[in-house]
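Fit chains S and E to the known structure of chain A by using the hints.
Residue numbers (the numbering used here), protein chains in the order written: chain A, 1 to 598; chain S, 1 to 319; chain E, 1 to 299.
There could be a bad hint or two in this list.
As the list claims (entries may be wrong) - Dumping the calculated BS3-like pairs for lysine-lysine here, alpha-carbon to alpha-carbon at most 25 Å:
hint, chain 1, residue 1, chain 2, residue 2
1, E, 297, S, 19
2, A, 307, A, 323
3, S, 15, S, 82
4, A, 505, A, 307
5, S, 247, S, 286
6, S, 143, E, 116
7, A, 162, A, 64
8, S, 19, S, 66
9, E, 233, S, 82
10, S, 286, S, 312
11, S, 15, E, 297
12, A, 77, A, 271
13, E, 233, E, 116
14, A, 134, A, 323
15, S, 119, S, 135
16, S, 262, S, 247
17, A, 135, A, 323
18, E, 116, S, 135
19, A, 389, A, 418
20, S, 286, S, 236
21, S, 82, E, 45
22, E, 297, S, 68
23, S, 68, S, 19
24, A, 418, A, 388
25, A, 77, A, 64
26, S, 15, E, 45
27, S, 247, S, 281
28, S, 135, S, 113
29, S, 28, E, 297
30, E, 45, S, 135
31, S, 19, S, 236
32, S, 236, S, 247
33, A, 135, A, 307
34, A, 514, A, 271
35, A, 162, E, 233
36, A, 135, A, 77
37, S, 66, E, 45
38, E, 45, S, 143
Hints are computed from structural coordinates only; laboratory data are not their basis.
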Amino acid sequence: MKRFPNLVLAVLVALALALGALQGYRVRNLREADAFYRWLVTASTQLRVFGTITPELEGEEAEKFMDRDLFDRVVAKADQALPDTPVMEGDTDDATGAPYPKLVRYTRTLSTGSLTETEESGTVAVAANPEQVKKDAEVWRFARSASLAPERADFVRFRRDKRLATAGTQIGVADIYKNQEAPVSIGQMFLGFRKLAAGLIWIQVDEAFHKGEMQRMVPLMRTTVLLDPNFVDAYLIGAWHLAYNLTVQMSDTPGYLKEYVPEFGAWVGNKERAYYAAVNFLKDGIRNNPRDYRLYFDLGYAVYAEKLNDHMNAVTYLSEATKQRHESWVRRMLYHSLQATGQFEEARAGWEDYLRANPGHAVAQRMIPTNTALTKERDAEALGTQAKKLLTQAGQARADGQEAQAADMERQAQELQKQRDALQAEARTIYTDLNATTADGDEFAQARLWRMQALELHEQGRTLEALALLRQARMEVARFFQEASDLIIQMCIEADLPLNVSERKRLLEIERIKEAWAANPVEIAGRRFDFDTSQDAWRQAGYANQETIALTPAAKDLAALRKDRPVIDQFIGLGDNVVFELDGQWYEFRRKSLLGNT
Amino acid sequence: MSVVIETQDLTKVYKGMSKAQDLVALNKLNIQVNEGEIFGYLGPNGSGKTTTIKLLLSLIFPTGGKMKIMGNPNITSPEVRKHIGYLPEGAYYPDFLRGEEILSYYGNLYGMKGASLKKRIDEVLEVVGMTRARKRLIRGYSKGMRQRIGLAQALLSDPGILILDEPTTGLDPVARKEIRDLLIQLRDQGKSLLISSHELLEVELISDRVGILFEGVLQTSGTIDELLTSREFSIKAEEAAPEATQKVREAGLITEDAVAGKASLRVPETMSLYQALDICKSQNMKIVSVSPRRETLEEVFVRVVGSAVSSKEAQRGER
Amino acid sequence: MSIWLASNPWLTVLYGVIVLAIIAAVAYYTPWSIALFTFREGLRKKTLIGFLILSILVIFGSMFMTAMMYDTGGTVATDVDVKLIKDICITAISIFGVLIAIFISASVVPTEIENKVIYTVLSKPVRRFQYLLGKFVGVQIIVAVNLLLMGVLFSIALYIKEPIFPRMLLYAIFLTYFEFLIVSAFTFAVAAASTSAVLPTIAGLFIYITGNLTQYLESVVNRSEVSENSVDKGLGWLAWVLRNTLPDLQYFSLKTQILSLQINDTPKDIQIPNLVVYGILYALAGYIIAFWVFRRKEL
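Just chain A, same shape as in the assembly:
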């Protein structure tokens, strides 16, 4: 120091800078590992929830993107590196029967969402599940481990070259950004204050909303989440604006004016376009924030269930929401959606769970018997159909002269009918009880009672009385209106009775829809979501020759099937008849209630 002070100081500066640079290298590595970890969580979640990692990509694009390739490499290493973990419920990929890869199971969130309902919602300061924390730490260690270095390097490279469709903060993630690649990295322009920039743009979204400039809001919303992909509230409110505030000014598009959009796999009018925009917006949010239940909840409940009336998908996302840390009401909405898809047993089991956690919960107390009654009603109807079939066969047998066989069949049919009557009586008792014990009467139970009564009257040939009952009932119970109206049309047609103007208009509309379909191939024409008038409308539209497997009782079989492919997008008809295709096989079940989602 004394003799060569400059030399010593130069060496010291160089040493400090070198150490700093080395530490910078370590920090950069950590940051990359952090991004990599996030991507692993996102990709695993997408595999589990969306069924695929890169859903919207086809052809050339699919080749460009390396998501699946890279993910498979990591999954293979994870099987070696991660400790064993038991396969939990919902961890099995039923399509293959094998459990999900270990990585996917590890990154799955363990809910700590309180089953117990509390006064105040919105408190997310609940401590994380310790088991979850341990697992996350394990995956995080794995993500930054030396063994994964080549994959991490590839991840960084692919992300830089925009060859990952799923990577966190990348532009060009989802289809909504496809044509909006920014020329420069916007984030860098704000010196690390991009989150603030996002917030300030969000204020403009708010202003535009107040001025009613809905069209201006949409690009602003997208810019917001482009700047801050972790701005979950922007996704939530943005999707809500799209699905609710944007569409409220639109008029309904008549069915025959809707067009088929392959991207959505659905027939859409103006409103539906906005609904699907909301769906995509929320899905993008999920890609960036796979651990936030609110996104799943809004996607399942606010958009799919409430707006698109697509309870099948609603169940998918709501059950995912319950796997994340969530509020207790998320479960309630899931059970309602389960009920709406006809999975009464599951719904009841859920409600029973819920009641155990929240003794005396009024809704749960009502929904358990409701679902029990619905089960009985459904079973009764199935027995009735069976009995009818036997009676027809008996008639045929008698005509063929096989008297003994015919008598046997008739006896069987009578037996079935007796069982059916018993079940119906039980259901009726439950409904009556419900109606009596609830303070203002149970609307749902009342509507079911009226419906049962009307059907009974109709069967006995007292159709006019049935119609009178239904016409009154649909006025008394608003929620029952659509179902009752459709029932009225159906009964009138069956009994060859005249229809009133609005009923005739409805039929006319169906005619025009059919005309509109005729131009399209069968699998496109069939994708109808709001057609629920005539149970055999779809058959007339070209499905008479389709062999379908009827799911009766719907609940169990459906649940098993749904696990094959969580998102069943091959719906044909989602009215009282739900028909869908899985691996070339068509299934159908008859849905009992549209009144589930309260």
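Frame of chain A, contents of chains S and E only:
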């Protein structure tokens, strides 16, 4: 008597853009300050006084030559520094502090602490006469008070050597007197003082030895008595008529003053006293007093600097 | 090799030891009276108080800003206003905090040179190394206290909106300090070389901005990799060296991330201490440079 400050061929060149623009601030300076004396360091503005002091305190670094303080060539060592008190010229003292607070800050820098520091602060405040103002914020101090506080901080560690850069500049006459007395008192306590100044009278009044610096070169140095040699006389005379005075002047005497018959005459070096007295007598003047004339430092200064200037001009001319 | 450097636990231990040694050395050699004096003096600076007042205005202004927002409701609870307050406040703290850090670091030494206080100090038995260290530590105390003050105000603003103790905020403020430490150390180095505060202030702003843009060098490196041109290759090499030696302040953007931490977000346990070490090492480099230029500086 030992030498406490010594420089040997001390040279300081401020580098310019080119060699021609280099500024030689000090050129082979050799000064000595002895123990227990006041060394008056004189020179016009820009002659290199402050440069020398800054070099002694390692605020700047020499281009060449050596320095020793108390015989120690390692002048930056804390051991040496402990014995130096320094009052910079026109320094500012953080005015948000009180007088005693700033002293305690400086005391900490000396490694003084606690009660002993407090006691010492009381002492120096007493010495500089600031005891009454010690609790006041420096913001409210007058120029003289600030200078006194500056002096107090220089005295804080009871240093053997005091280096004071223009200690009396900008002070009123009373304050100057007080400071002067204080410096003499300090000298009498055995401290060595290096006082730079261009106020010649001040220095003349208190210095034991002086050095005169001009353009980075020490022109002359020595004790006051050595420098202020008396080779002239003055004659005071009465009853000197204006014509008589005129005559005397013609004869070669220098008239310094001539009012209402009273004349004060100077005998130039070239003339003997007797000759002068004869001239006066011949003009019927009544001689009141004859005394040897002591040169003022100012005159020495002007003479020295003047000759330096002229020799420099001569050099320039030769070139 | 690179992985060994990136994740070797023993290297981490070694780093920890180095950092602790640095902190211990600083604590031991610092003349605390100078540091304290610098702190007291710094608190009286008008620019500093101005920035502090501005930051208070922004922090509490953010509450009014979000108060105007319509509660859009939706189906789940959202708290855009809390997010906005967080983002506005952390940005305000970052900007005003870094301005304070730059102004203070740029001015403490030049001011003392200008008003000659430095003469009285350096003529005392105080080595230049110690003097500079005292000043530097004093600056750090000012920056830290300011940051703490703004952090407390921020917490209050946040607490009014959402009565939960903002634990993450502490981490964010803590991290922000080390970002400022780097900027402050290099600004201080420039200040040690100059006699007025203007140049180092500009340099400090420049350091902050370039420090945030270091990532751009990466794209230069990437582009040069595909180029055949030897000039491009050379530029790429230079960019690589600069990218790896210049501090990257974007690393500290972690502070905004942890502030709006989502439920079940990535574990952040190791990034924070690593960033702390990063900040301290670069600050050390900055301080040694400062001492290097100040050691033989003519005052």
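Taking the hints in turn, this is what the structure says about them:
1. Our distance criterion of 25 Å between C-alpha atoms is met by residue 297 of chain E and residue 19 of chain S, whose separation comes to about 21 Å.
2. With a C-alpha separation of about 23 Å, the suggested pairing of residue 307 of chain A with residue 323 of chain A holds against the 25 Å cut-off.
3. A hinted pair counts as satisfied when its Cα atoms are at most 25 Å apart, and residue 15 of chain S with residue 82 of chain S does not qualify at roughly 31 Å.
4. Between residue 505 of chain A and residue 307 of chain A, the direct Cα distance comes to roughly 24 Å. Compliance with the 25 Å bound is thereby established for this hinted pair.
5. Distance hint between residue 247 of chain S and residue 286 of chain S is fulfilled; the C-alpha atoms sit about 15 Å from each other, no more than 25 Å.
6. Simply put, residue 143 of chain S and residue 116 of chain E have alpha-carbon atoms about 16 Å apart, close enough for the 25 Å limit, and the pair holds.
7. Our distance criterion of 25 Å between C-alpha atoms is met by residue 162 of chain A and residue 64 of chain A, whose separation comes to about 9 Å.
8. In summary, the hint linking residue 19 of chain S to residue 66 of chain S is supported, as the alpha carbons are separated by about 23 Å, within the 25 Å threshold.
9. The suggested pairing of residue 233 of chain E with residue 82 of chain S is violated, with an alpha-carbon distance near 58 Å, which exceeds 25 Å.
10. Taking the CA atoms of residue 286 of chain S and residue 312 of chain S, the gap is near 46 Å; set against the 25 Å cutoff, the hint is violated.
11. Restraint check for residue 15 of chain S and residue 297 of chain E: satisfied, since their Cα atoms lie roughly 13 Å apart, inside the 25 Å limit.
12. Under the criterion of a C-alpha separation no larger than 25 Å, the hint pairing residue 77 of chain A with residue 271 of chain A is inconsistent with the structure, at around 46 Å.
13. For the given pair, residue 233 of chain E sits about 50 Å from residue 116 of chain E by alpha-carbon distance, which is inconsistent with the 25 Å threshold.
14. Straight-line distance between C-alpha atoms of residue 134 of chain A and residue 323 of chain A comes to about 17 Å, which keeps the hinted pair within the 25 Å bound.
15. Note on residue 119 of chain S and residue 135 of chain S: the hinted pairing holds, with a Cα-Cα distance of about 15 Å set against a maximum of 25 Å.
16. Restraint check for residue 262 of chain S and residue 247 of chain S: satisfied, since their Cα atoms lie roughly 15 Å apart, inside the 25 Å limit.
17. Taking the CA atoms of residue 135 of chain A and residue 323 of chain A, the gap is near 15 Å; set against the 25 Å cutoff, the hint holds.
18. Annotation: proposed proximity of residue 116 of chain E to residue 135 of chain S holds, straight-line Cα distance about 23 Å (limit 25 Å).
19. At most 25 Å may separate the alpha-carbon atoms for a hinted pair to count; residue 389 of chain A and residue 418 of chain A meet this at roughly 15 Å.
20. As the CA atoms of residue 286 of chain S and residue 236 of chain S are separated by approximately 9 Å, the hinted pair is consistent with the 25 Å bound.
21. With a C-alpha separation of about 32 Å, the suggested pair residue 82 of chain S and residue 45 of chain E falls outside the 25 Å cut-off, and the hint is violated.
22. Taken as a hint, the residue 297 of chain E and residue 68 of chain S pair is honoured in the structure, with Cα atoms around 21 Å apart against an allowance of 25 Å.
23. Between residue 68 of chain S and residue 19 of chain S, the direct Cα distance comes to roughly 29 Å. Violation of the 25 Å bound is thereby established for this hinted pair.
24. For the hint linking residue 418 of chain A to residue 388 of chain A, the alpha-carbon distance of about 13 Å falls within 25 Å, and the restraint holds.
25. Proximity of residue 77 of chain A to residue 64 of chain A is assessed by CA-CA distance (about 23 Å); at most 25 Å being required, the pair is judged to hold.
26. Simply put, residue 15 of chain S and residue 45 of chain E have alpha-carbon atoms about 35 Å apart, too far for the 25 Å limit, and the pair is violated.
27. For the hint pairing residue 247 of chain S with residue 281 of chain S, the CA-to-CA distance comes to about 12 Å; that is within 25 Å, so the pair holds.
28. Between the alpha carbons of residue 135 of chain S and residue 113 of chain S the distance comes to roughly 19 Å, so the proposed pair stays at or under 25 Å and holds.
29. Between the alpha carbons of residue 28 of chain S and residue 297 of chain E the distance comes to roughly 22 Å, so the proposed pair stays at or under 25 Å and holds.
30. For the hint pairing residue 45 of chain E with residue 135 of chain S, the CA-to-CA distance comes to about 23 Å; that is within 25 Å, so the pair holds.
31. For the suggested pair residue 19 of chain S and residue 236 of chain S, the alpha carbons sit about 56 Å apart, so the restraint of at most 25 Å is broken.
32. Among the hinted pairs, residue 236 of chain S with residue 247 of chain S is consistent with the structure: their alpha-carbon atoms are about 16 Å apart, no more than 25 Å.
33. About 37 Å separates the Cα atoms of residue 135 of chain A and residue 307 of chain A, which puts this hinted pair outside 25 Å; it is violated.
34. At most 25 Å may separate the alpha-carbon atoms for a hinted pair to count; residue 514 of chain A and residue 271 of chain A meet this at roughly 21 Å.
35. The hinted pair formed by residue 162 of chain A and residue 233 of chain E meets the criterion: a straight-line CA distance of about 24 Å does not exceed 25 Å.
36. Between the alpha carbons of residue 135 of chain A and residue 77 of chain A the distance comes to roughly 16 Å, so the proposed pair stays at or under 25 Å and holds.
37. Restraint check for residue 66 of chain S and residue 45 of chain E: the C-alpha separation of about 41 Å exceeds 25 Å, so the hint is violated.
38. Under the criterion of a C-alpha separation no larger than 25 Å, the hint pairing residue 45 of chain E with residue 143 of chain S is consistent with the structure, at around 23 Å.
Of the numbered hints given earlier, the model fails hints 3, 9, 10, 12, 13, 21, 23, 26, 31, 33, 37; all others are met.
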